[in-house]
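Chemist: So you can see what is in the structure, the chains are spelled out below.
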Amino acid sequence: MVLSLGISKTMSLVIVVLLVAVVAGGIYYYSAVTAPPQYPSKPITFIVSWSAGGGTDRTARMIAALLENMSGWKTVVENRVGGGGTVGHLAMATASPDGYTVGIITFELSTFEWMGLANVSYKNFKPVLLYNRDPAAVIVRADAPWKDVIELTNYIKANPGKLKASGTAKGGVWDIGRIGWLKTAGVDPEALPWVPSTGAAPCLQELIAGGIDICTCSLPEAGPLIEAGKVKALAVMADERNPAFPDVPTLKEKGINWAFGTWRGVAVPKDTPDHIVKTLHDAIKKVIDSPQWKDFMSKNGFGMAYLPSSEFAKFLENDYKVVGELLKAAGYVK
Amino acid sequence: MFFEILQLILQPHVLFAIFIAELFGVFIGAMPGLTATMATALIVPFTYFMDPLAGISMIIAMTAVAIFAGDIPAVLLKIPGTPASAAQTLDAYQLGRSKPVETLSTDLVCSALGGIVGSLILIFTSPILAEFAVNFSTVEYFWLTLWGLSMAIVISAEQPIKGVLGVIIGFLIATIGIEPVYGYVRFTFGRVELLSGISFIPAMIGLFAIPELLKQISKPHEKYLVQLLRGGKTYEMISTALKKFKTTVARSSLIGTFIGALPGAGADIAAWVSYGVAKRVSKKPEEFGKGTIEGVIAATSANNAALSGAWIPLLVFGIPGDSITAIALGALMAHGLRPGPMLFQRHGTLVSAMFAVFILANLLMLLIGYLAIRLSSNILRIPRNVLVPLIAVFCVIGSYAVNNSLFDVWSMLVLGILGYFMERLGIPIPSVVLAIILGPMVEFNFITTLMKSDLNPIIFVSRPVAAGLAFLTIFTWVLPFIRTKKLRIKGSES
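For the record, the sequence lines run as chains A and B. Residue 294 in this note's numbering is what sits at position 245 of the first sequence, and the numbering runs on without skipping anything. Residue 242 in this note's numbering is what sits at position 45 of the second sequence, and the numbering runs on without skipping anything.
Calculated directly from the structure, the hints in this document are not laboratory data. Don't take each hint at face value.
Simulated DEER-style distance windows between Cβ atoms [to be verified]:
1. A:373 - B:590: 44 to 50 angstroms
2. A:168 - B:622: 41 to 47 angstroms
3. A:59 - B:436: 24 to 30 angstroms
4. B:321 - A:353: 45 to 51 angstroms
5. B:384 - A:206: 58 to 64 angstroms
6. A:68 - B:388: 42 to 48 angstroms
7. A:353 - B:587: 24 to 30 angstroms
8. A:295 - B:665: 48 to 54 angstroms
9. B:672 - A:172: 56 to 62 angstroms
Derived list of chain B stretches under chain A, where covered just means 3 residues or more per stretch with a C-beta under 8 angstroms from a C-beta of chain A [what the hints assert, rightly or not]:
10. 237 to 250
11. 276 to 282
12. 326 to 340
13. 621 to 628
Beta carbons: idealized from backbone N, C-alpha and C, even for Gly.
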């Protein structure tokens with residue numbers, strides 16, 4: 050074979066050696082050397098309901114990688130994508146409760162039953178911990194005439210149907226944020242019609258282009274545009290101000306007692322023994338206290354949060370209830 | 198900023214990804230029947246597990262080399278390796294009979310030059326266009342997506358009616374799942390897996406790879422025996438050709454970039470148009486088709502330029518310019534990167550690094566391409582009865598890997614068989630693919646626009662840019678009727 054090449058024998062040998070070296074180098078680069086597992090005794094699979102490379106997936110892979118580093122556990126991240134998140138959440142809920150299948154649950158879990166998409170809710174899980182919260186915010190164009198969110202709320206009340214808002218699909222997290230804000234302020238949510246969008250980025254673009262008037266997505270999502278002076282945030286629907294956006298007041302400060310947003314957490318099937326939940330909680334708590342985690346979260350614009358198992362359980366129950374009430378009020382429940 | 202970008206693209210795993218992708222591109226491009234589009238669909242599932250830059254770099258590098266490598270069998274066997282090499286095959290083969298290495302080397306340099314010119318245009322125009330596109334609302338997007346679909350029909354089909362059929366089939370495939378405006382569930386037959394629709398990447402693998410595999414199986418076994426290639430006066434030929442035809446290179450690269458940027462038209466159409474223009478302005482048009490390097494240069498600069506050009510509408514508007522960027526769109530979305538003006542605002546550094554990769558990939562192509570030329574007789578000797586089953590395995594693994602779902606493997610197979618019959622009936626698969634991507638955008642933008650105006654249709658022409666795009670779209674519809682001389686253009690898969 051070598052002789053049939055149009056080049057000399059030495060030359061082809063050099064080429065082959067170079068090729069082999071590069072390929073081998075690359076394979077070596079990719080294959081990380083991992084420590085032998087101590088406890089738990091086999092790899093833990095993390096199920097993510099969203100695509101590889103998306104926000105939830107990136108946080109899950111970070112947790113898995115840091116667990117391997119810090120606790121020496123062997124981890125696998127598995128994406129079970131489809132059905133608007135139902136496929137993955139169903140897979141987590143029905144996994145065997147031995148602690149070897151752990152779910153990354155997301156806000157959408159609070160909506161599946163109400164929207165008639167799948168029979169799965171917080172009741173099917175034992176929560177481990179909550180690690181991320183991104184509250185909704187009220188975002189308008191930089192040249193918008195309203196001084197603060199109260200003026201805007203009054204304007205909406207006085208001119209029903211004149212302004213339009215957007216941020217997600219109908220019944221999505223930012224839509225529920227809008228409904229709750231207006232209901233708490235005593236305004237009919239119908240006075241600010243919702244135009245569905247496929248996410249925060251296209252919605253923000255619509256806002257700048259003048260297609261809509263208000264966007265209720267999270268502050269980090271709007272961050273670059275706030276810095277560029279194209280949009281401004283009138284309020285954030287959180288309990289306290291976001292340290293990265295210290296000038297943006299909360300709705301509560303303005304007298305509208307409403308906080309809402311999206312979240313991500315870790316949970317296991319509901320029959321999992323408590324000592325496994327505790328082991329998992331302690332290991333992951335160590336991960337989210339680490340500087341690598343904090344650096345990763347702030348670099349990617351994810352809000353850091355923490356709730357231990359018991360408080361996370363209360364949080365989930367409340368979120369489910371609130372979401373249900375608002376979806377019913379908006380006529381989305383099927 | 199500059200060093201940050203250098204740091205990003207010089208990471209070992211990014212360089213390794215580019216290198217491997219280029220090697221893969223050589224094999225796919227040089228193998229007649231295996232197209233760059235199909236190869237893109239096959240590698241995308243693997244890019245899901247890399248960081249976004251490495252993944253996107255693989256697509257950029259692989260396609261650039263595959264489109265060049267398509268000229269290797271054109272020169273040696275008179276068979277274009279990919280449809281994008283069809284325009285120059287006659288000339289390239291005639292030239293190659295006496296000077297194969299020189300012809301291919303000149304071809305390689307012009308391919309790289311075309312690719313670099315196209316990349317530079319992409320780098321300098323897209324941020325400006327993005328600045329402008331920030332002011333686009335759903336009204337403008339409605340017309341833009343509708344225009345893209347119309348172009349896909351008018352340009353790519355030999356018979357527009359078959360293009361229309363393809364678009365309708367694409368629409369139907371895209372309607373499956375939860376509809377994005379009101380959340381109605383359509384055509385799922387109660388299957389949870391279908392709630393979010395047919396998965397895009399498995400569908401692409403099915404539509405682009407399976408029909409070709411089925412065709413290969415049904416063909417008699419051919420052996421490509423090629424003489425070993427000896428180097429000649431390569432450098433002299435390249436430099437004289439470049440000196441003599443530098444305007445051809447420049448013009449063809451510009452034409453290629455522009456045609457690539459048009460939605461629905463890819464590298465193959467760019468090559469045909471550029472070849473046609475070169476023949477018309479040439480001093481010796483009678484030599485075209487009989488072995489003129491001018492024709493080879495015109496077509497090969499244009500098809501590589503078109504690859505980069507196709508990324509302009511993808512990055513600026515989120516509307517793919519050809520089938521390759523349609524698949525790249527799926528890969529970007531999987532990484533949470535939504536193309537459009539916001540991409541430049543939110544991920545500016547990543548976009549700049551991607552731009553740098555375009556240049557780097559085209560430069561590295563000179564090295565890989567030269568190796569490929571020298572080793573071409575060996576590459577062409579890879580037996581098909583090994584290659585075809587290997588690709589079939591990749592199809593299954595790739596479809597499964599995207600979502601870890603066996604259902605996706607079945608979708609891939611079903612769409613593959615559908616694609617085989619569509620191809621036999623002459624329904625252009627690129628039109629189907631663009632409809633799968635653009636169909637939901639047209640629908641979504643149409644309905645949300647009406648929601649904003651409280652159902653007043655005047656909104657569709659209420660803004661100047663929207664009115665302009667509306668005019669353009671309607672002009673495209675009447676184009677086939679007023680076109681006197683019919684341009685004979687074959688299917689637009691590159």
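Chemist: None of the hints should be skipped; say for each whether it holds.
Modeler: Verification of the supplied hints:
For the hinted restraint 44 to 50 angstroms between residue 373 (chain A) and residue 590 (chain B), the CB-CB distance of approximately 47 angstroms keeps it satisfied. Judged by the Cβ atoms, the range 41 to 47 angstroms given for residue 168 (chain A) and residue 622 (chain B) holds: they are separated by roughly 43 angstroms. Hint check: residue 59 (chain A) to residue 436 (chain B), Cβ distance near 28 angstroms, so the stated range 24 to 30 angstroms holds. A beta carbon spacing of about 39 angstroms between residue 321 (chain B) and residue 353 (chain A) contradicts the range 45 to 51 angstroms that was offered as a hint.
Between residue 384 (chain B) and residue 206 (chain A) the Cβ separation comes to about 41 angstroms, which falls outside the hinted range of 58 to 64 angstroms. The given range of 42 to 48 angstroms is respected by residue 68 (chain A) and residue 388 (chain B), whose C-beta atoms sit roughly 46 angstroms from each other. Range check, residue 353 (chain A) to residue 587 (chain B): about 46 angstroms between beta-carbon atoms, so the 24 to 30 angstroms window is missed. Between residue 295 (chain A) and residue 665 (chain B) the beta carbons are some 43 angstroms apart, a value that contradicts the proposed interval 48 to 54 angstroms.
The beta-carbon spacing between residue 672 (chain B) and residue 172 (chain A), approximately 58 angstroms, falls within the hinted interval of 56 to 62 angstroms. Under a criterion of three residues with beta carbons nearer than 8 angstroms to beta carbons of chain A, the stated coverage of the region 237 to 250 of chain B is upheld, 3 such residues being counted. A stretch counts as covered by a chain when three or more of its residues have a beta carbon under 8 angstroms from one of that chain; for the region 276 to 282 of chain B and chain A the count is 0, and the coverage is violated. Here's how the region 326 to 340 of chain B fares: 7 of its residues keep a CB closer than 8 angstroms to some CB of chain A, so the rule of at least three is met and the hint holds.
Figure legend: the region 621 to 628 of chain B, annotated as covered by chain A; annotation inconsistent (0 residues with Cβ-Cβ distances under 8 angstroms, at least 3 required).
Consistency note: the structure conflicts with the earlier hints numbered 4, 5, 7, 8, 11, 13.
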